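Enquirer: Chains as they are written, first to last, in my numbering: chain U, 1 to 379; chain A, 380 to 758; chain B, 759 to 1052; chain S, 1053 to 1346.
Treat the hints as calculated values from the structure; they're not laboratory data.
Since the structure is predicted, the reported quantities are computational estimates derived from the model, not experimental observations.
Do not take every clue at face value.
As the list claims (entries may be wrong) - To list a few chain S residues with every Cβ distance to chain A over 12 Å, as calculated:
1) 1100
2) 1222
3) 1248
4) 1251
Unchecked claim - Using 25 Å as the maximum straight-line C-alpha spacing, the simulated SDA-like pairs for lysine to any residue come out as follows:
5) U/138 x B/947
6) S/1114 x U/114
7) U/95 x U/222
Each residue gets a CB set at the ideal place from its N, CA and C atoms; glycine is no exception.
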Amino acid sequence: MKIHEYQAKEIFSRYAIPVTKEKVCYTVEEVVETASSFEMPVVVKAQVLVGGRGKAGGVKLARSVEEARTAGEQILGMDIKGLTVEKVLVAQGIKFNSEYYVGLTIDRNSKSVIFMASSEGGVEIEEVAKDNPNAIHKFVIDPDLGMTAFLARKIAFKLFNDFALVKQAVGMFQKLYQIFIDTDASLVEINPLVVTDDGQLLALDGKMNFDDNALFRQPAIEALNEPDEDEKKELEAKEKGLSYIRLDGTIGCMVNGAGLAMATMDLVKYFGGQPANFLDIGGSSSPQKVIDAMNLLLSDKNVKVVMINIFGGITRCDDVARGLVTALQQLNVDIPIVVRLSGTNARQGLEIIKEANLPVVNTMSEAAQEAIRLCAACQ
Amino acid sequence: MKIHEYQAKEIFSRYAIPVTKEKVCYTVEEVVETASSFEMPVVVKAQVLVGGRGKAGGVKLARSVEEARTAGEQILGMDIKGLTVEKVLVAQGIKFNSEYYVGLTIDRNSKSVIFMASSEGGVEIEEVAKDNPNAIHKFVIDPDLGMTAFLARKIAFKLFNDFALVKQAVGMFQKLYQIFIDTDASLVEINPLVVTDDGQLLALDGKMNFDDNALFRQPAIEALNEPDEDEKKELEAKEKGLSYIRLDGTIGCMVNGAGLAMATMDLVKYFGGQPANFLDIGGSSSPQKVIDAMNLLLSDKNVKVVMINIFGGITRCDDVARGLVTALQQLNVDIPIVVRLSGTNARQGLEIIKEANLPVVNTMSEAAQEAIRLCAACQ
Amino acid sequence: MSILVNNKTRLVVQGITGRDGSFHTSKMKAYGTNIVAGVSPGKGGQQVDGIPVFNTVEDAVKATNANTSIIFVPAPLAGDAIMEAAEAGVELVICISEGVPTLDMVKATAYLKKKGVKLIGANCPGLITPGEALVGILPGNIFLKGNVGLMSRSGTLTYEMVNQLTTNGIGQSTCVGIGGDPVAGLYYQELLQMFEDDPETEAIVLIGEIGGDAEERAAQYIKEHITKPVVAFIAGQTAPPGKRMGHAGAIISSGSGTAAEKIAAFEAVGVPVARRPVEIPVLVKELMEKRAKA
Amino acid sequence: MSILVNNKTRLVVQGITGRDGSFHTSKMKAYGTNIVAGVSPGKGGQQVDGIPVFNTVEDAVKATNANTSIIFVPAPLAGDAIMEAAEAGVELVICISEGVPTLDMVKATAYLKKKGVKLIGANCPGLITPGEALVGILPGNIFLKGNVGLMSRSGTLTYEMVNQLTTNGIGQSTCVGIGGDPVAGLYYQELLQMFEDDPETEAIVLIGEIGGDAEERAAQYIKEHITKPVVAFIAGQTAPPGKRMGHAGAIISSGSGTAAEKIAAFEAVGVPVARRPVEIPVLVKELMEKRAKA
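The following block holds chain U by itself, in its conformation from the complex (with noise of 0.2 Å):
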């Protein structure tokens, strides 16, 4: 789940970490008003949940009310990657003269959390990894002490010579790494994090995303939560215990399994098809899983085949063929459907299937070959 850039420095600021005096704003008379009561220049920067705002044009500079007024109404209600924007955050210019990159997330490797520090920042982390990976320095948090002050210091050091910052930087890293462990975070980034001309370190801008598996515990994040309409459909299908991600392609796709799920895609793009979504219809199937999942598969209007592709371990195959009948029985299906059962329970799943005068293949690579063949007779 991710946060706007202004809920992450509301955060910080909570914890002490300084940021710019700024306010979010949902029209242009709140720019307006904003902007008149700040000292200028102020910047106008677009809050959604997507990157590259900046290339966008989502950010700017004004020198005056006016600047800030022509500023709120290009960018309230632009279109950035898709989204609209819907609120701008009007934040008090600052003047500084440098700008590092610091950030927390979840490593791997190390199953810890790690904290990167880099001297380039203020532009994209991302390629900065990719041009110069050096540039980067990541340190390993010892999850049985957490970010200890000797450990924020040596990040410091990397970053600053002088001594001065080095001890503003050392509470402030800290204090990092207790956002992140309190609010469940995957990644807090501070990007970039200036140095002021009055020599204060500073949060310019604020990045926070959170663990979905955490959100149980994290109530006053999880009501932070502006899903976009594509994100809701997911969540939708995550509360009826589906896991649901829509493509451009055309053909649907029912697979118990998130691996198989993804390969059953790729076969369906492997043969020349272009699969219209992913869809795990996850672990202990009830016949009602696939009801709902037909459902939200017949809700996408390009999907013009249906391929169901499923290896019962725990989800039964005979399951699955019931709840498919029932769906069949209540929705109103007019595209064709193509079923693969393998594995536990198969033999009487099929029985079904076949009662029901739906065709009936053997392996993936016939269901995705077959569904591939429907689609092109029915367009």
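Guided by the hints, dock chains A, B and S onto chain U, whose structure is given.
Expert: Frame of chain U, contents of chains A, B and S only:
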């Protein structure tokens, strides 16, 4: 540092550990007023920073407001082990059917916090430890994990058969550990922990001690400190870099180092004398420290002779000698002084002492024997 | 031989009275796994399928000498359950629970490392040594005793692959589902080394997926340490970036962790990568025959 | 030989620019200890007494291969400093700082155990191998090279004891002040074993004090593991209960931790306990002569 029962239970309450409804009272009028607002019976309990108040008559059950008044009158102002009772706790009487003991402390051997639990609550745990040590279960808490749910459950199953109580206990034990860590405690105890008639766990009494070395980061705890007369003197000494404990003897001891100070007291006793105090002037002594120490010794009117035993390491014997000479000039010292100096700059120190016409000895043994001789002579 | 589990496994089931726990206990027992105990706090003294239930893993281990634990408790409790098992003295913990918070796994894996206890999962289907012990939720009937070691980040895809092997007459020594979470227990390197050291394993199948760089690291490890033939498969060639493909760990972040990179890494060290599941048995047979001749 | 420190010790001083740190650095250097580096955050690049100062222990160890660290930083920072030293790769840490919060020591000692790094202290005078290395604040001139190993919870009492030995012609292999805090690093058992294993040590002097049960445990350990003669002394026979006698750890709680109990424990296992410091050299001589004859 110790705090009162009511203060410990205020901390418990802040962590949502159930305690009795109660109020601390400083006057009989307050006791009556509080008792009037409570249901009967109530319990009136002396709040003194010493154990054994029950046996001393400092805890009384009152079945009416009148009885509460009588209890208040009896307990307020009473003397318990040399301490005057200045406040009482008026607590709602509670019906319960079993008593337990739980406590946390530091274990020197495992170098960890340990949790102690016993079904023999309501009596002094030291007596249980002596009479039936197997009745106390001890659990080492891994500092990397803290009080995990599984450990809390393991402990709770030792005390309770009823799973509803186990579940309550798990949360309570985790909170107790959190209190221990958050406050830099050295002891947290609930004794007795009771199961009320309606099946709730409740802390009927509470006790907390704290790590003096950590008070610098626990201002809220330090603010609760109520030193008695002896402790005030000890604290005053501590501020001057001296470690002082008053005893009942006649031979004032001034020593550098805690171990040597104890050994000096032991030696005085060995030769038949009575040490008047433990006094460690610490490592790097300035002449001022010696002056302060001498002042402290002379303020005890029992002291008939002063024995100075210095083994110079960091402490330089000439510094001690100079401080002593200055002290004698400033203060009106009318009792004999015996000085033994060894180690760093002993020769220079001894010369200064000799010039001041003070008796000088070569060894600890001689010093102790000479001090005893002088003490006997002056009585 | 085989790795990790076998007929010496003495299994305790944490969460044995739950829906999944009791269902799979009977499946595992039917397969022949030696299940000696169950754990369910507050239900100590009961029995499930003739298996004694204890309040704590410690009690279970003390009473039954269990040496392996499998965990079916709800995700919010799973991290604690893993540590409980390790503290109680088992040597191997398999955590099936899905959706465990990452920071809980960070804490648990650090603790298990300190205790020298092995972990598989969380969010995994478990593992099986065909004919000896099934410790997990895999469908036992598709496995065949043999000499191919298999490891995989996914569940049903593993079954698909195993089915391909078995129907082509290629049996397995041990099959391990390592799970799809970002922070998990034993990973490719450790298992590769175990299969390398296992005299019953003659070839290794590694099934990876998008996200992270575990496959790249595995490729490097194979190059440096593994002499037995390895065949790989990577799921998620068509997965879009920035989307979590079911598994918490299956996500292409900032363009890294793609299937293409992983396939390239394996091919660079001479590990053939199947483009479709059906190619797996073909590649395995080829390499095993080649090795037999050499 | 000797234990823990010797002429192979390469010492880094944490807090070298502080009052105590700089003072004792010059003392240790004058004694002949090989001090290779100092640490003082923000003062990297400076020199103290010709010794290079670094911002972090890691920098110091990388540049100088220091293998031992001594800590003089203020008590609130000492726990962190201990862990910094261990993480940077030294093998032995000696913490002189007095007044370290107990929970900081709980955390630090757990970490050092995990890293396999030895700790002496906190709140200790350090240690010395006469003629080779002084790592602490002990007055070097009172020590004499020889064959008695000495360990003590106190500082100046140690000097008193050593003085008794030296003036009676009895030299020391290594003398260790283990510190007076409730939670500390190496304790009697570990040091007893090191002295037992050290060919240069022929007899051991153990100086205890009231509080805790370390002396009782040491007595038990001597009974089970130590063949060399041991002589003990316990300070605090006249200490009142419930009062902290200077050292945080020197307190008789609820009537336990008394000198009488400790003396009884030693005598029960045949370890003679000196009633006065002057008896120590007498007892040591007796036991060494007895052993020489046997």
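Enquirer: Check the non-interface label on residue 1100 of chain S: least C-beta distance to chain A beyond 12 Å or not.
Expert: Given a closest Cβ separation of 18 Å, the condition holds.
Enquirer: Residue 1248 of chain S: least C-beta distance to chain A exceeds 12 Å?
Expert: Fine: 20 Å to the nearest Cβ keeps residue 1248 of chain S off the interface.
Enquirer: With the threshold set at 25 Å, check whether the alpha-carbon distance from residue 95 of chain U to residue 222 of chain U stays at or below it.
Expert: violated, 35 Å
Enquirer: Is the Cα-Cα distance between residue 1114 of chain S and residue 114 of chain U 25 Å or less?
Expert: Roughly 22 Å separates the two Cα atoms, so the pair holds.
Enquirer: Keeping to a limit of 25 Å between CA atoms, is the pair of residue 138 of chain U and residue 947 of chain B held or broken?
Expert: holds, 22 Å
Enquirer: The output says residue 1251 of chain S does not contact chain A. Does that hold with a beta carbon cutoff of 12 Å?
Expert: Label holds. Min Cβ-Cβ 29 Å, cutoff 12 Å.
Enquirer: Does the claim that residue 1222 of chain S lies off the interface hold, with its Cβ farther than 12 Å from every Cβ of chain A?
Expert: holds, 17 Å
Hint 7 from the list above is the single one not met by this structure.
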